[in-house]
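Student: Now for the letters of each chain:
Number of protein chains: 2
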Amino acid sequence: MKKILRFVVVIGLFMLILQCSSRQAPQQRPEYALVIHGGAGTILKNNMPPEKEKEFRDALTTALRTGEKILATGGSSLDAVVATIRFMEDSPLFNAGKGAVFTHEGKNELDAALMNGADLNVGAVAGVTRVKNPIELARKVMENSPHVLFARDGAEAFAVEQGMELVDPNYFRIESRWHSLQKALEREKEKKSAFYRGTKNDNKFGTVGCVALDKMGNLAAGTSTGGMTNKRFGRIGDSPIVGAGTYASNKTCAVSATGWGEFFIRNVVAYDIAAMMEYKNFPVQKAAAAAIEKVGKMKASGGVIVLDKNGNIAMQFNSAGMFRGFSIAGEKPVVKIFGREE
Amino acid sequence: MKKILRFVVVIGLFMLILQCSSRQAPQQRPEYALVIHGGAGTILKNNMPPEKEKEFRDALTTALRTGEKILATGGSSLDAVVATIRFMEDSPLFNAGKGAVFTHEGKNELDAALMNGADLNVGAVAGVTRVKNPIELARKVMENSPHVLFARDGAEAFAVEQGMELVDPNYFRIESRWHSLQKALEREKEKKSAFYRGTKNDNKFGTVGCVALDKMGNLAAGTSTGGMTNKRFGRIGDSPIVGAGTYASNKTCAVSATGWGEFFIRNVVAYDIAAMMEYKNFPVQKAAAAAIEKVGKMKASGGVIVLDKNGNIAMQFNSAGMFRGFSIAGEKPVVKIFGREE
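Here the protein sequences come in this chain order: A and B.
Following the numbering used here, the numbering of the first sequence begins with 855 at its first residue and continues without gaps.
Following the numbering used here, the numbering of the second sequence begins with 855 at its first residue and continues without gaps.
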């Protein structure tokens, strides 16, 4: 009896509420498909005023339409992913580009990655502070350099060399994010810890991501983020790390993650999903669920969007909610925010 | 006939000479085991004076002994990996710590990572310029922060906060490495390309790495490097990227890679080996060979050392040689440099 009780308690401790939405594609591969996320976390209907909810639903719908338009007219999955993420970077609603969270030093340091499923090419940047659209810089790293990942001042020097649009760092500032940093700094002071650890209630990971399948059957994945409020020491999270926060291969699937980045890195979440599909023949939903379960076992939260080469979709998360949506050729786009939303 | 010819040519183009050494452990798990590498590349007996070869063999032997001593007396695999890599960082023979290659700007920017197979914890740093032993800073990131990866000036600020020994950047300078940069800059000028692409003959990836299994059955992996000669823009390679150049899990194996980092990132090499072992039940040698074959298909070169939870070893590379060695409880340590070395 004691053993059973202990088992129940352990399972109870480990399990976070598992949420998922999946969509089985029709027998035939759809002409094209696109999935997005705008971050996961403690996103509850009770805490969100209706007008805010509408703002988010509208932004997610516009993001989907931006990418869909490109795919419908025969554009590449890479183009669709970049344009969709660019729209979400420009929106102050999400923690990416304008509206990014603040570092300990009161700066906005942005990470982004882009991966091409056709040739496994990658471009990623970490810790840029003046590049208006980090996803576009990631694309330039992919296409105009033999390298994969550039960081901080180095990445910014590359942006300058590439003639990219630079902005004043103040461009990214949103008052509510600044306020979040001040609250975090206060809490840190009280705890006298060198590091601020988020609590369950303020874990909102506003990272944005997009995965797409184009008419040629090519997959692509992209992710962009401001990281975590109050991050320090040039901290790099999972978004720009291939295999952790971003992955795409035409062999299997395209993945973009959002959540407590450190745990997504340690579990190599994005590639793990692809590996389970390739090596264990898991369908996309089962692979996504297994990967998020591993993150949950470490008591961390977050989510992933996954699109496989046949157009099947998984949107899996273990937090209360995740801003998400998908669009499939010939169907009405779907946008969801909260858990268990029909 | 034409088809067959084309097939042969394609295979011929794709295939680089596959080299491997593996060692099947006895039925029972050995008390402890340690494997190291000091980089892979165009390492040929014809091009290496005997006294230089002796220097390398001596250094590799001392490195093995350094770690073995710790494991034999019941120390942890983490301690053994850090001490072994620290020794190789201090040796000017290898491209890590003292003796690192130079960046385009004539600096030494160092990357390192450490992973604990027991709890999947990780510490990594990228682009530090004044930390004498980057592997020790990686350990501090793992143990004294909730984060995984710190970059450049940020990582250095963390080192200062942790009271680490900082050195004048000149400490890392070795004349032969400086000369390599000058040669690369000249070649770049001739080619009028913004990026220097290594040629087959000067691809030497001197990264160092160590994987260990201790008496408690815990695996650990570590990697440290100066990256690639003439690297620019804060380029981060595979060494500090979990799943690419470094990985360890008690479930499967510990891996450290060396080679053309971009291709190890794109193929998520280190975790791919673990995934093939876990999901496909591949023995360690088969998994290592399959992963390096993928890198070879992209016409890139390099190698990996892998140690599984039962003490089985793989040292796989597709370059002419790889500095490597292993030490198993109760057996004489083995050191090798060239391909097909008995």
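Don't read these hints as lab results, they were simulated from the structure.
Since the model is a prediction, treat every value here as computed from it, not as a measurement.
Possibly wrong hints are sitting among the right ones.
Note: identical chains are not told apart, hence a pair may lie in one copy or across any two.
Heads up, simulated BS3-like pairs for lysine-lysine below, C-alpha to C-alpha not over 27 Å straight-line [claimed, not checked]:
1) K1153 with K1105
2) K1134 with K1163
3) K994 with K1148
4) K1069 with K986
5) K961 with K994
Student: Against this structure, judge whether each hint is valid.
Tutor: Each hint tested on the structure:
no.: 1; hint: K1153 with K1105; verdict: between (31 Å within a copy, 19 Å between copies)
no.: 2; hint: K1134 with K1163; verdict: both (16 Å within a copy, 21 Å between copies)
no.: 3; hint: K994 with K1148; verdict: between (34 Å within a copy, 25 Å between copies)
no.: 4; hint: K1069 with K986; verdict: neither (30 Å within a copy, 52 Å between copies)
no.: 5; hint: K961 with K994; verdict: both (24 Å within a copy, 24 Å between copies)
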